[in-house]
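Model the full structure from these sequences, guided by the hints.
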Amino acid sequence: MREDLTNWTYVIKISMPNTQAAGIQTAKMCDALAEHGIDIDIWYARRKRGNRPESMQEFHDLEHDIPTRELWYYNPHRLSTRFGTTLAKPALLFANISFAFVALLSALRSDTDCFITREWPVAALFVLCGVPTVYSAHTVDALGFSSRARRIFQFIGTLDALRLVVANSQGTAAGMVDSGVPERKVVALPNAVDLDEYEPEVGKQQAREQTGLPNDERLAVYTGSLLKSKGAYELARASEHIDGKVVLVGGKPARQAEMETFVESEGLDDVVLVGRVDPDRVPLYQFAADVLVLPALDEAFETHHQPEYTSPLKLFEYMAARRPLVASDIPALHEILTDGQNALLVDPGSPTAIAAAADRLGSNDRLSERLVTAAFETVSEYTWSNRAERLLHVLGPDHDL
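In terms of the working numbering, the sequence shown opens at residue 1 and continues consecutively.
Treat the hints as calculated values from the structure; they're not laboratory data.
Among these hints, one or two may not hold up.
What the hints assert, rightly or not - Pair by pair, the computed Cβ-Cβ distance ranges are:
#1 P397 / R148: 47 to 53 Å
#2 E369 / G267: 23 to 29 Å
#3 F155 / K252: 35 to 41 Å
#4 R366 / I14: 42 to 48 Å
#5 Q205 / R148: 50 to 56 Å
Stated by the list, open to error - Restricting the straight-line Cα-Cα distance to at most 16 Å, the calculated cross-link-like pairs of lysine to aspartate or glutamate (EDC-like) are:
#6 K245 / D270
#7 K245 / D359
#8 K245 / D269
#9 K204 / D290
#10 K228 / E260
#11 K245 / D290
#12 K252 / D278
#13 K204 / D216
#14 K204 / E35
#15 K245 / D216
C-beta atoms are modelled at their ideal positions from N, C-alpha and C, and glycine is treated no differently.
Below you can see the structure in the form of structure tokens.
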């Protein structure tokens, strides 16, 4: 690692600590960088008055006590809510710019050697002002990375202050290169998992006793968001064909209510809706599964995240849980999964295909055990510590950036 890059700050426009994937990824990556000798802190968006943060270290089960700082900026979200969708995009743009400028003013007064952020307006403004920055790219799609952003990165891509773009997938990396960032400045580093959270392994029956899930049924379990783009509705429909029950864990209250209405209206009696659980209990629900399902769709809905740009945290969690995996056959997952080797891949959006794969695993212990062994061997390479080490290696003196 270069001697001038030992003091880092991670800038993110959400409150921390946070159960969102972005919050988990940020906390775990900062903890891993600290493990490798980086002096790092996190600057995050303000919270509502009176809502004080819990300990970052305890909330995210970190090895290091990462210092944090709130950045107060003007967010006209209430205005856009009050006056409808016509103000939604301008309000979001204003909030992004406001946060970026507040972060810049703080950066210019700090002694940080290098900033890392997943917010493209922050990265763009920092680089334009000569502030050394690593941009953590998670998409180059229409919503998360607009045509305006592409034009900006086409201009700033060659500037020295843009030290590196860390993409979450090969698809995202290719998109950043297409946006004008030199290929030598782009590296694809998929997300990862904290394997310690899955040690020791909890037996299936013990996990079901601790979660209250039925002991006498085959369970196909999903943990995560209930956004339509995540495929949870297709998995719910698959319950009509699966020999057993489908268990859905997670989702914000509004999404849970929508799913409950859907399940009732469709008469899906074999769907168990658990709702949101504490992060430290998520592995228990995964351990309780006969099969874990990642049913992501191959087209955009609410998030507009295209399948070549995704790197789901739950993928690595599932593999760490040592339960057989059924996943959608989408481009980004091919970087990690091989059909018949460490997972069964199925047509995206097909409830019958999900059910057939789940039942095949439920009735074939030998196949399940082989896939589990290979998946755990694969995921052992995708730890946050390894990801941080690779990032620091690329930023090292042996690489021409």
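The hints, checked one at a time:
1. P397 / R148: 47 to 53 Å: Violated: the Cβ-Cβ distance is about 35 Å, outside 47 to 53 Å.
2. E369 / G267: 23 to 29 Å: 35 Å, violated
3. F155 / K252: 35 to 41 Å: 37 Å, holds
4. R366 / I14: 42 to 48 Å: 44 Å, holds
5. Q205 / R148: 50 to 56 Å: Holds, since Q205 and R148 (Cβ atoms, about 54 Å apart) stay within the stated range.
6. K245 / D270: Within the cut-off at roughly 5 Å; holds.
7. K245 / D359: Holds - the C-alpha atoms of D359 and K245 are around 11 Å apart, at most 16 Å.
8. K245 / D269: Holds: K245 and D269 sit about 9 Å apart, inside 16 Å.
9. K204 / D290: 8 Å, holds
10. K228 / E260: Satisfied, since the Cα-Cα distance of roughly 14 Å is no more than 16 Å.
11. K245 / D290: 10 Å, holds
12. K252 / D278: 13 Å, holds
13. K204 / D216: 11 Å, holds
14. K204 / E35: Outside the cut-off at roughly 33 Å; violated.
15. K245 / D216: Holds. K245 to D216 sits at ~10 Å (cutoff 16 Å).
The structure is inconsistent with the numbered hints 1, 2 and 14, although it conforms to all the rest.
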